[in-house]
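**Q** Each chain is listed here by its residues.
There are 2 protein chains.
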Amino acid sequence: MFTRDRGQKKAIEEAEKLTDVEIIASSVDKNFSYIPEIPDVPKDSAYLHITTNNTIEGTAIFDVPQTKEIPLVADMSSNILSSVYKVSDFGLIYAGAQKNIGPAGLTIVIVRDDLIGQVEKLPAMLDYAVQAKNDSLYNTPPTFAIYVAKLVLEWIKTQGGVAAVEKQNRAKAGLLYEYLDRSTVFSSPVERFCRSLTNIPFQTGDAALDRLFLEEAEGKGFVNLKGHRLVGGMRASLYNAFPIEGVEALMAFMDEFALKYKGGEVHV
Amino acid sequence: MFTRDRGQKKAIEEAEKLTDVEIIASSVDKNFSYIPEIPDVPKDSAYLHITTNNTIEGTAIFDVPQTKEIPLVADMSSNILSSVYKVSDFGLIYAGAQKNIGPAGLTIVIVRDDLIGQVEKLPAMLDYAVQAKNDSLYNTPPTFAIYVAKLVLEWIKTQGGVAAVEKQNRAKAGLLYEYLDRSTVFSSPVERFCRSLTNIPFQTGDAALDRLFLEEAEGKGFVNLKGHRLVGGMRASLYNAFPIEGVEALMAFMDEFALKYKGGEVHV
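So the protein lines, in turn, are chains A and B. If you're matching positions, the first sequence starts at 1 in the UniProt record's numbering and goes up one per residue. If you're matching positions, the second sequence starts at 1 in the UniProt record's numbering and goes up one per residue.
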């Protein structure tokens, strides 16, 4: 069971190697620019899989579906520790560390005990039963990445915990969304009720002007603003470590750009 | 097809999930203290698996078996880049980076093109066909570990390449083996013709004296000298980065210890 967006393509492919997959909700009709409503999950399902934040599309799920007996499985790679979720809502949470936790090469899994060991003959590396039995030390673990993760977790505590970090993220994202919503030059392609706090795509509506923006932005030191090739346009990624000053600087540059090429913003 | 020693136990378990495994050579009769002779490999074998260096036992294979049509697969985790092997002797070489290459969390695989893609429905993470097709970038790779590996590879070049590093390793290991062979207090449990250059187990033959040695050694700053619990005694690991001065210091301490508790070495 999946809600489909591009971020879930790989999860679907892997699951299909082991079992039947049914896509019960999709936003393919509008280029994945919103989170579809999730219907009742068929009762014989092993789990419902969601991705809480979609990096490419800039959509996010804040109110997770209440699936009752069906375990909810979430790929939280791109917004773990950036907003508050209730861990007990999930059967399994997995997340690559590389966005908000530490260096690439570490994956964190939080799994309910009763869900461990349901697949036979998995390679040991991917078998949570083996990992749990060996305290995640079956093979040599990625020690440096784990050490950095520890430092980041301590940093999050000094910020006041995930709730405080979410507040900062809402402030950063809110500033940019507000700008986009009143801009006459730039806009957000994502429906309001499911906008990511982390990945914010935006566009001018003119591909040539988008390219010019990216070029001039890079000249001013704003890097990695290019949207994913499947979506186009621009994308600002505001992970936990990104400061609000960065958002303010970006908006000032957007103002400058709008003035230069479109005669300025007409704020409404 | 495997030659069995403890280091290969996991490789056997994983292979058994996919195919039949036959153990064609083993040194279990003498507690894995030597490398058994490898008989002709049955003609219908998919591959012969060896471990070129056994960390726990301190044994190593320097002359690799010539298996002709049967691909030779080697776990080289603990001596890759520490002595010269001819890559063309192997169908597949794999090695965890954490001994001689960089931080834990990176695995290097060298595989012959024609051996890729022979297993159906592998998880993408473990499917060399997927990795090869995506230039090892199917998922976010462990970037920091790769960067450090680059620095280590450059360092090996400045040393004069693997041949020069092997020469250093032979000097370091030779010094310690020579000491052990003429010592009346300490000895090596490993047969001479298959001694590792990297992991050198040694013992006094008296478990209580071994414990005392480890305790006093640690007090002097010699750490990680404890032998694996399956073997007991002591073990000196002389990876590429370990300096010859460290070996000399260890031998001086062994002399001191021998004098204190056994009235000194009787060199023969």
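The set of hints was computed from the structure by calculation and includes no laboratory data. Given the structure is predicted, the values throughout are model-derived calculations rather than measurements. Where a beta carbon is used, it is the ideal one built from N, C-alpha and C, also for glycine. It cannot be assumed that every hint is accurate.
[Stated by the list, open to error] Residues on chain A that point at chain B, a partial pick, calculated with CB under 10 Å:
id: 1; residue: Ala104
id: 2; residue: Asn139
id: 3; residue: Gly263
id: 4; residue: Gly264
**Q** Hint by hint, say whether it matches the structure.
**A** Here is how each hint holds up against the structure:
1. Because the smallest distance between the Cβ of Ala104(A) and any Cβ of chain B comes to about 5 Å, under 10 Å, the interface hint for this residue holds.
2. Look at Asn139(A): its Cβ gets to within about 8 Å of chain B, closer than 10 Å, so that hint holds up.
3. This hint is violated: Gly263(A) has a C-beta 41 Å from the nearest C-beta of chain B, more than the 10 Å allowed.
4. Proximity of Gly264(A) to chain B is violated relative to the hint, the smallest CB-CB distance being about 40 Å (cut-off 10 Å).
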